[in-house]
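Taking the hints into account, I'd like the entire structure generated from these sequences.
All residue numbers in the sequence shown are consecutive under my numbering, ending with 283.
Watch out, some of these pointers could steer you wrong.
Unchecked claim - Beta-carbon label-pair distances, calculated as ranges:
no. : residue 1 : residue 2 : range
1   : Ile150    : Glu95     : 20 to 30 Å
2   : Ala116    : Lys267    : 12 to 22 Å
3   : Thr266    : Ala227    : 38 to 48 Å
4   : Glu195    : Asp241    : 39 to 49 Å
5   : Gly99     : Arg280    : 29 to 39 Å
6   : Ala75     : Phe271    : 16 to 26 Å
7   : Gly217    : Gly128    : 19 to 29 Å
8   : Glu103    : Ala184    : 21 to 31 Å
9   : Glu195    : Gln97     : 20 to 30 Å
10  : Val109    : Gly239    : 17 to 27 Å
11  : Ala273    : Leu245    : 25 to 35 Å
Treat the hints as calculated values from the structure; they're not laboratory data. Virtual Cβ for every residue (Gly too), placed ideally from N, Cα, C.
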Amino acid sequence: MQRLRFLPLLLLTACGGAPGALAPSGMGALTDVEARRWAAETQPGGNQEIRFRFVFTDKRSAAAKGQGSASVAGADSLRFDFRGPLGAGRGAAVVIGDSAQWVQPKDQVDKLVPSYPLLWAMLGRARPPAGVVDLRGLRDEKVTAWRYISGADTVDYLRSRDGLRLMAEVRQAGKRIGIVTTTFGPDGVLLKSRLDVPSGPARLDLTFTRVTKPGSFSAEIWDAPRDSL
Numbered sequence: 055m056q057r058l059r060f061l062p063l064l065l066l067t068a069c070g071g072a073p074g075a076l077a078p079s080g081m082g083a084l085t086d087v088e089a090r091r092w093a094a095e096t097q098p099g100g101n102q103e104i105r106f107r108f109v110f111t112d113k114r115s116a117a118a119k120g121q122g123s124a125s126v127a128g129a130d131s132l133r134f135d136f137r138g139p140l141g142a143g144r145g146a147a148v149v150i151g152d153s154a155q156w157v158q159p160k161d162q163v164d165k166l167v168p169s170y171p172l173l174w175a176m177l178g179r180a181r182p183p184a185g186v187v188d189l190r191g192l193r194d195e196k197v198t199a200w201r202y203i204s205g206a207d208t209v210d211y212l213r214s215r216d217g218l219r220l221m222a223e224v225r226q227a228g229k230r231i232g233i234v235t236t237t238f239g240p241d242g243v244l245l246k247s248r249l250d251v252p253s254g255p256a257r258l259d260l261t262f263t264r265v266t267k268p269g270s271f272s273a274e275i276w277d278a279p280r281d282s283l
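So this is what it looks like as structure tokens:
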């Protein structure tokens, strides 16, 4: 039974393909307080300015490469920007919690990241439960795993107890929307993240190049661009 619990991490380490089912066996009832505490353990505290390079591949088109940034204020406010070579394929969004305040252009952002909990997970953060009907989870010496259930929709998180890996999976009506694997250095700094989207199939890889902790952000970064991107 113990080996089955660790299977998602073992599969991820052993092969380069998209990982299988994320949720380990043996998860039991979880309180809202416990779920919020486990999600809070993924929050670095304060503000973060994150720079990254990305590679996006899908079955229908050639690989796209570019760079981007994420400005994270506190635990729930995010400005996300990306652009391809020579400024092509640009997009931006402001997300508060699990909801977008604005997205430009929506089709480009949705193509890159189809779910905001997945976007947060790519930046190394689990979201606290919101509007969920049931909570499940387990914690042992190797992993912390928890699930939010709302009807046929689920969000799963799996975090290694050493803090070096966070995984997230989102399903809607039982269908997997995407699965994220984010890796940290021994100092807790973001190293890389990978999102697999089976409907494409598509894959997004982020390599983090710089993470800083600004004291504040200018108010203008939360405003939508006046001109279309």
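Hint check, failures only: 2, 4, 6
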